[in-house]
Amino acid sequence: MARAAPFAKFLHAVEIGFRISRSSVSVCFVQTAFILATVFLGGFAVMVLEIVGARYLLKDFGGAFYVWTSQIGVVLVALSAGYYVGGRLADRSQRADILSWLLLCAGGIIAGIPHFAQRLLDWIVLRHPEGEVIPQFWIKVDPALGSAVVFFLPCFVLAMISPYMIRIAAEKLEHVGSVSGKIYAASTVGSVAGVFVSGYFLLDRFELGTIFRSTGLLTMLLGGLCWFIGWNRTALKPTR
Amino acid sequence: MLVYRMESNGVEANKMNPLSQRTHGLVSSAALLAMLVSNAWCGQVYETTSVYNHIIVEDVAGTRILRFNGSQESRMSLQDSTRGHFQYTEILQLPVFWNPAATNVLMIGLGGGSTHRAYQLLFPEIHIDAVELDPVVMKVAKTYFGVRESRTLKFHEADGRVYLRRTKQKYDAILLDAYTSTRYGSFIPHHLATTEFFTIVRDHLTPNGVVMFNVIGNYQGWRADIFGAMYKTMNSVFPNVYHVPSTESQNIILIGAMNEGPLKRETKLRNEEALLKTYPRLPLAFWKNTQAIQSVVPVSAAKSPVLSDKFAPVDGLLNAVPR
Chain A
30 MARAAPFAKF LHAVEIGFRI SRSSVSVCFV QTAFILATVF LGGFAVMVLE
80 IVGARYLLKD FGGAFYVWTS QIGVVLVALS AGYYVGGRLA DRSQRADILS
130 WLLLCAGGII AGIPHFAQRL LDWIVLRHPE GEVIPQFWIK VDPALGSAVV
180 FFLPCFVLAM ISPYMIRIAA EKLEHVGSVS GKIYAASTVG SVAGVFVSGY
230 FLLDRFELGT IFRSTGLLTM LLGGLCWFIG WNRTALKPTR
Chain B
-12 MLVYRMESNG VEANKMNPLS QRTHGLVSSA ALLAMLVSNA WCGQVYETTS
38 VYNHIIVEDV AGTRILRFNG SQESRMSLQD STRGHFQYTE ILQLPVFWNP
88 AATNVLMIGL GGGSTHRAYQ LLFPEIHIDA VELDPVVMKV AKTYFGVRES
138 RTLKFHEADG RVYLRRTKQK YDAILLDAYT STRYGSFIPH HLATTEFFTI
188 VRDHLTPNGV VMFNVIGNYQ GWRADIFGAM YKTMNSVFPN VYHVPSTESQ
238 NIILIGAMNE GPLKRETKLR NEEALLKTYP RLPLAFWKNT QAIQSVVPVS
288 AAKSPVLSDK FAPVDGLLNA VPR
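Chains A and B, in that order, give the protein sequences.
Going by our numbering, the first sequence opens with residue 30, and the numbers climb by one from there.
Going by our numbering, the second sequence opens with residue -12, and the numbers climb by one from there.
Calculated directly from the structure, the hints in this document are not laboratory data.
C-beta: ideal position from N, C-alpha, C; glycine also.
A hint or two may mislead.
As the list claims (entries may be wrong) - The calculated lysine to any residue pairs, modelled on SDA-like cross-linking and capped at a C-alpha distance of 20 angstroms, are:
(1) B/K155 / A/P164
(2) B/K155 / A/E159
(3) B/K157 / A/D233
(4) B/K297 / A/T239
(5) B/K155 / A/H144
(6) B/K297 / A/E159
(7) B/K297 / A/I163
(8) B/K290 / A/D233
(9) B/K141 / A/I163
(10) B/K297 / A/Y229
(11) B/K297 / A/E161
Stated by the list, open to error - Far from chain B by the CB rule (all over 12 angstroms, computed), these chain A residues:
(12) L86
(13) R124
(14) P143
(15) Q165
(16) V205
(17) G238
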């Protein structure tokens, strides 16, 4: 426990309180609630990036259908890669430290989108000589490149949350089914919320910069949550 | 509508007894047949679905109508292709009032090409670049609405903003009439309605050039917020913004210019003289429209936001409570 910060010590004390007063079932309940909240918010952040991101790309690549196609495609590629790599990492170290750091970086990237992305997108669009007709191939692929350079990494990292949380939550092999089911469900419900909240509410009320910065902050917060969940797990272990 | 009703009957049919189910089957196949026949009676000429639109071309009472997703986009008389169009498209002929010597015009959004055809007829020497995103709309305009590619009319399959950003050409007028239309309303593509976009537009205009934007909306009530926001956004780039309301439909054409142009008396007289010399056969409607140019700041502009790439809630404004 040498690395635990004062705040973590405080939380640990709270949990000991829990353990004494209500038995270990409550502690598990708190841990589960944290895990589900984390995957929910992770799913939420991914879909905010997808919907708001498509809107962001439209100004450079136009209203062509390819913008939506590539945004959906790229986000799905990032998700599948994130699931795969996240699962491998989770098996290697069950402490969520690495994930926390990755989420912190991803949050930084997301918050930085309004500052750095325009230069990358300009490079993609303006590399075609002025006044020349862009080949059909690049008309289709350019938006995908744009989605990839801006949104791939953040979505890749956000996708790692789910397998990590399954690894942490599934203490016994017999429970893997229901645990992973719960986590899939919470993450997807989060994504559903992300879609509708961004489409119906965020885009009408807030500037794109504000939305990206808030999502970045949320992702960093998720890094903190993951760290806490991982720490909580090791803290709980000796009593079992 | 008919299809929808049949589907809902189909759900109820599961609960019915076998006899009524059989009758129901008869009724629905009869309805299907009736629908096919009525399509022919209604004069449907062509129907297709592109990536962007469900397109229907139909002939009703001597008028050819273009529909996107159920909403009317364009009209043309079958007897005389220069008639039957929406009146607002005539307002889009006004750029020559600013610059009688105009030679290059960019038109973003094709539809049935009413404006394009009128330009080819009235101003045969003006070179038009017609930009349209949907290749199927282009094909339909060529096949069913007599818009022909010519020495002075070139088609470009592209997004308006992407095209404009990359072209070196300067234009005497840039005309915008690009919408996504459905039964739920006509949605302005948000990236064609922002300060940043109008800055690109300004950079591609000649000194006497004008931009004209077809706003579907009103001064008050329905879609007044959209109109107010568009006015303010154009005014953030162009010092002079004018508007001409359509006399027949809920369209207002916004005009953005770098100078007062014919709103100044001397310029007006000079341009009128030049126009009468260059285009002696301009229709009366054109001259009427020159009289209809408004310069008053619309009331709805006060409360509406300036639209930018960062914040352009065009879909949300559409549903704003009318004031």
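Each hint, compared with the structure:
1. B/K155 / A/P164: At roughly 18 angstroms apart (the allowed maximum being 20 angstroms), A/P164 and B/K155 satisfy the hint.
2. B/K155 / A/E159: 7 angstroms, holds
3. B/K157 / A/D233: 34 angstroms, violated
4. B/K297 / A/T239: 9 angstroms, holds
5. B/K155 / A/H144: Status violated; Cα separation ~28 angstroms.
6. B/K297 / A/E159: Violated. B/K297 to A/E159 sits at ~25 angstroms, over the 20 angstroms cutoff.
7. B/K297 / A/I163: 27 angstroms, violated
8. B/K290 / A/D233: Cα-Cα ~15 angstroms, so holds.
9. B/K141 / A/I163: Answer holds: B/K141 to A/I163 is near 17 angstroms, not above 20 angstroms.
10. B/K297 / A/Y229: 16 angstroms, holds
11. B/K297 / A/E161: It is violated: about 29 angstroms lies between the C-alpha atoms, which goes past 20 angstroms.
12. L86: Its Cβ does come within 12 angstroms of chain B, the nearest being 10 angstroms, so this is violated.
13. R124: 40 angstroms, holds
14. P143: Check fails; 8 angstroms does not lie beyond 12 angstroms.
15. Q165: 9 angstroms, violated
16. V205: 39 angstroms, holds
17. G238: Its Cβ does come within 12 angstroms of chain B, the nearest being 6 angstroms, so this is violated.
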